[in-house]
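Produce the complete structure using the sequences and hints provided.
Here is how the chains run, residue by residue.
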Amino acid sequence: MGILRGKLLPPVLAILFSALLCGIALVVSGANPLRAFGVMLSQVGEGTTAVDIINSTGTYYIAALAVAIGFQMNLFNIGVEGQYRVAAVVAAVVGGSIALPPGLHALVIILTAAVAGALWAAVPAILKVTRGVNEVISTIMMNGLALGLAAYLIGSDVFGELRGNNIRTPEIPESGWVPGISFGSSGTVFGLVFLAALLGVGYWVMMNRTRFGFELRASGESATAAAAGGVNAKKMVLIAMLLSGAIAGLVSMPEILGRDHTYNLNFPAGIGFSGIAIALLGRNHPGGIAFAAVLWAFLDKSGLALDNVQVPREIVTIMQGAIVLSVVVAYEVVRRFELAAQQRQVGRQLGTVDAA
Amino acid sequence: MRRRMRGLAVAAIALTSVLSMAACAKDTGGTQPGSTNTAEGCKLADKPPAAAATSSAAASDQKVDGSALKVGLAYDIGGRGDASFNDSAAAGLDKAKADFGIKPENVKELTAAPNEAEDAKLTRLRQLAGEGFNPIIGVGFAYAESLKVVAPEFPNVKFAIVDGVVDGAANVTPLVFAEEQGSFLAGVIAAYQSKACHVGFVGGVEIPLIQKFQAGFEQGAKAAAPDIKIEEKYLTPAGDFTGFQDPTKGQEVATGQIEAGADVLYHAAGASGKGVFSAAKTAGVKAIGVDSDQYNQKTVEESKDVIISSMLKRVDVAVYDFVGAVAKNDLASLPKAFDLSVDGVGYATSGGKIDAELQGVLEGYKAQIIAGKIKVSDKP
Numbered sequence: 001m002g003i004l005r006g007k008l009l010p011p012v013l014a015i016l017f018s019a020l021l022c023g024i025a026l027v028v029s030g031a032n033p034l035r036a037f038g039v040m041l042s043q044v045g046e047g048t049t050a051v052d053i054i055n056s057t058g059t060y061y062i063a064a065l066a067v068a069i070g071f072q073m074n075l076f077n078i079g080v081e082g083q084y085r086v087a088a089v090v091a092a093v094v095g096g097s098i099a100l101p102p103g104l105h106a107l108v109i110i111l112t113a114a115v116a117g118a119l120w121a122a123v124p125a126i127l128k129v130t131r132g133v134n135e136v137i138s139t140i141m142m143n144g145l146a147l148g149l150a151a152y153l154i155g156s157d158v159f160g161e162l163r164g165n166n167i168r169t170p171e172i173p174e175s176g177w178v179p180g181i182s183f184g185s186s187g188t189v190f191g192l193v194f195l196a197a198l199l200g201v202g203y204w205v206m207m208n209r210t211r212f213g214f215e216l217r218a219s220g221e222s223a224t225a226a227a228a229g230g231v232n233a234k235k236m237v238l239i240a241m242l243l244s245g246a247i248a249g250l251v252s253m254p255e256i257l258g259r260d261h262t263y264n265l266n267f268p269a270g271i272g273f274s275g276i277a278i279a280l281l282g283r284n285h286p287g288g289i290a291f292a293a294v295l296w297a298f299l300d301k302s303g304l305a306l307d308n309v310q311v312p313r314e315i316v317t318i319m320q321g322a323i324v325l326s327v328v329v330a331y332e333v334v335r336r337f338e339l340a341a342q343q344r345q346v347g348r349q350l351g352t353v354d355a356a
Numbered sequence: 357m358r359r360r361m362r363g364l365a366v367a368a369i370a371l372t373s374v375l376s377m378a379a380c381a382k383d384t385g386g387t388q389p390g391s392t393n394t395a396e397g398c399k400l401a402d403k404p405p406a407a408a409a410t411s412s413a414a415a416s417d418q419k420v421d422g423s424a425l426k427v428g429l430a431y432d433i434g435g436r437g438d439a440s441f442n443d444s445a446a447a448g449l450d451k452a453k454a455d456f457g458i459k460p461e462n463v464k465e466l467t468a469a470p471n472e473a474e475d476a477k478l479t480r481l482r483q484l485a486g487e488g489f490n491p492i493i494g495v496g497f498a499y500a501e502s503l504k505v506v507a508p509e510f511p512n513v514k515f516a517i518v519d520g521v522v523d524g525a526a527n528v529t530p531l532v533f534a535e536e537q538g539s540f541l542a543g544v545i546a547a548y549q550s551k552a553c554h555v556g557f558v559g560g561v562e563i564p565l566i567q568k569f570q571a572g573f574e575q576g577a578k579a580a581a582p583d584i585k586i587e588e589k590y591l592t593p594a595g596d597f598t599g600f601q602d603p604t605k606g607q608e609v610a611t612g613q614i615e616a617g618a619d620v621l622y623h624a625a626g627a628s629g630k631g632v633f634s635a636a637k638t639a640g641v642k643a644i645g646v647d648s649d650q651y652n653q654k655t656v657e658e659s660k661d662v663i664i665s666s667m668l669k670r671v672d673v674a675v676y677d678f679v680g681a682v683a684k685n686d687l688a689s690l691p692k693a694f695d696l697s698v699d700g701v702g703y704a705t706s707g708g709k710i711d712a713e714l715q716g717v718l719e720g721y722k723a724q725i726i727a728g729k730i731k732v733s734d735k736p
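Taken in order, these protein sequences are the chains called A and B.
Each residue of the first sequence is one higher than the one before, starting from 1 at the first, in this note's numbering.
Each residue of the second sequence is one higher than the one before, starting from 357 at the first, in this note's numbering.
None of these hints come from the bench; they were simulated from the model.
Treat the numbers as computed from the prediction; the structure is a model and nothing was measured.
Please note that the accuracy of each hint is not assured.
In silico negatives: residues of chain A with every beta carbon more than 12 Å from chain B [said to hold, decoys possible]:
1. 132
2. 197
3. 238
4. 242
Here are the in silico distance ranges between beta carbons for each label pair [what the hints assert, rightly or not]:
5. 654(B) x 182(A): 47 to 57 Å
6. 421(B) x 162(A): 33 to 43 Å
7. 735(B) x 107(A): 31 to 41 Å
Below 16 Å or equal to it, Euclidean Cα-Cα: the simulated EDC-like pairs (lysine to aspartate or glutamate) are [as the list claims (entries may be wrong)]:
8. 451(B) x 421(B)
9. 551(B) x 583(B)
10. 735(B) x 157(A)
11. 589(B) x 608(B)
12. 735(B) x 161(A)
13. 426(B) x 487(B)
14. 578(B) x 734(B)
15. 504(B) x 171(A)
16. 403(B) x 719(B)
Note that beta-carbon positions come from the ideal geometry of N, C-alpha and C, so glycine has one too.
In structure tokens, the structure reads:
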């Protein structure tokens, strides 16, 4: 019970608090908060929004898993943003220029994306292992490089082709597509959303049922203790970063193989950063992350309805920011509260303080 | 080891400072012979033949009734108030509302969020179409992919897309512009107004659309002054659209170009252009605006005295004409491309920095482009 309270209370508090905050912001800006929240809820039933939320959840979930693997051993992979972009371009280019039988084609594209993401993450990993370069700095810099590299690769004189005023990689032939589950006019759930679920299961098994997962968590809890226990810290950093990068590489696969079939200028940015917030909110737990990803996707997609009723959509951004901030605070508050409760309990049992 | 590193670093710093000093010296030396040609300014190419009297196409002023229309607008990032092409589209819509008698409650405007996913655009367009809006205008080429999907779902709705073409969807009207032609004239203006015969182009994001501006500008400047030096820089690479919304970066890049010697800057950087104007104001050089007549724009009012002209891209005209054509049920009357011949692009003379002589030159070039004697390339 106590454990459950410690785990569930903070995010619930954070969400309530940020809803309150947004309510105040809405009132200040002259809108009716209840109407705004109501519109957001009813938007779920409109058109393709429910399916969009599921699809977006899958994307966010993969991004957050990538971040969470690093978090488990106190590695801050801020570079998911760049890793998924580079992986998307490389995979789209490779996918668009090879011909393979259906199934195999998609598999090759997915593996290409994972390898590209891992390789992009390998640079900061190697820098950290060999030179002690802080991965926060190096991954942020790699994000900038990723943008430049992606822009170069889709140049019309490199791999890209011009479409009106847009520019994109050659379209992936149909053999490379991953079919989804169609709900008619309500949209199509990407087939690769299930890849996200699979990754989540794999993540849980790895963390809780394998030696590697144990060593990863041990290194995160105490690097010195893990080292004393025979864990090779450098090897762990390298593997964790590569794994994180490989998963990051898969972030855009559901969209590219399920709908877009190409990388173009409309490629969404910022998923990597959302992944950080979602991993934080989900406490690196596969279940928690799933919940956080759903929440994020809901806010994102339902937020579109706000614009439709002349409420500034930025309120969603405020809400997301407030959730992240307050969840950090809430965890700390609850942790201290529990610590104090524990101390009191121990004190009571030892009889050193009064029961009062 | 460490000492050697430090020594290396010192050497490197010393070397770069020497190099940059050398660069400075070369710079000042370089401008000298150029400016001795005439008192100041470029050695100009022969002026084009004067244009024949401009044929002011008298629009057949029949009253258009659009009171039955429900107009939906889906803006790109920035939306109404972006001081750029979204605002221009909004101006066209407002004029259409007033002229065609469209009821205010029958107009809906939605705006894209930065970095949004494709499905957000789909949802936005479906929202408008589902609520019975017709016509619906997607502002920005970013809507091309989503319109390709949504337009066939609503075959009776008349869509239009600004800056884009949607293949295979008969109910999507493309509203495209010849930005390179307007930018050509901006290049001519820059060449005539530059004292150092050195001009600069600041692009927002290095995408094909903005490269059209650059291509036209460079061609125009070189046509007017073959020896002209041109700086060109983009704020962000393709894929990172923050370059349209970053005045600080615009100011930095513009300052860099001014320090390199450029004294007339042309920007195609959306809201980042504000930074370009303030850099120009600080350094006391000239600037050319873009999209709308920026001399009269509220958001850049404090640096209006450096704006000698603006390359006009009449998104407002295109939106207005499209809505009017829908009201008259005469979409075929719209031009294939809004270019110089239909005044879809052009230049602004507000502020009085363009004298009659220069205006004559510009009209000359304009006539040549319309007649096809000058072909303006849309790729740099």
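Hints, one by one, checked against the model:
| no. | hint | verdict |
| --- | --- | --- |
| 1 | 132 | holds (15 Å) |
| 2 | 197 | holds (19 Å) |
| 3 | 238 | holds (25 Å) |
| 4 | 242 | holds (25 Å) |
| 5 | 654(B) x 182(A): 47 to 57 Å | holds (49 Å) |
| 6 | 421(B) x 162(A): 33 to 43 Å | holds (40 Å) |
| 7 | 735(B) x 107(A): 31 to 41 Å | holds (38 Å) |
| 8 | 451(B) x 421(B) | holds (13 Å) |
| 9 | 551(B) x 583(B) | holds (13 Å) |
| 10 | 735(B) x 157(A) | holds (12 Å) |
| 11 | 589(B) x 608(B) | holds (11 Å) |
| 12 | 735(B) x 161(A) | holds (14 Å) |
| 13 | 426(B) x 487(B) | holds (9 Å) |
| 14 | 578(B) x 734(B) | holds (15 Å) |
| 15 | 504(B) x 171(A) | holds (15 Å) |
| 16 | 403(B) x 719(B) | holds (11 Å) |
Hint compliance for this structure: no hint is broken.
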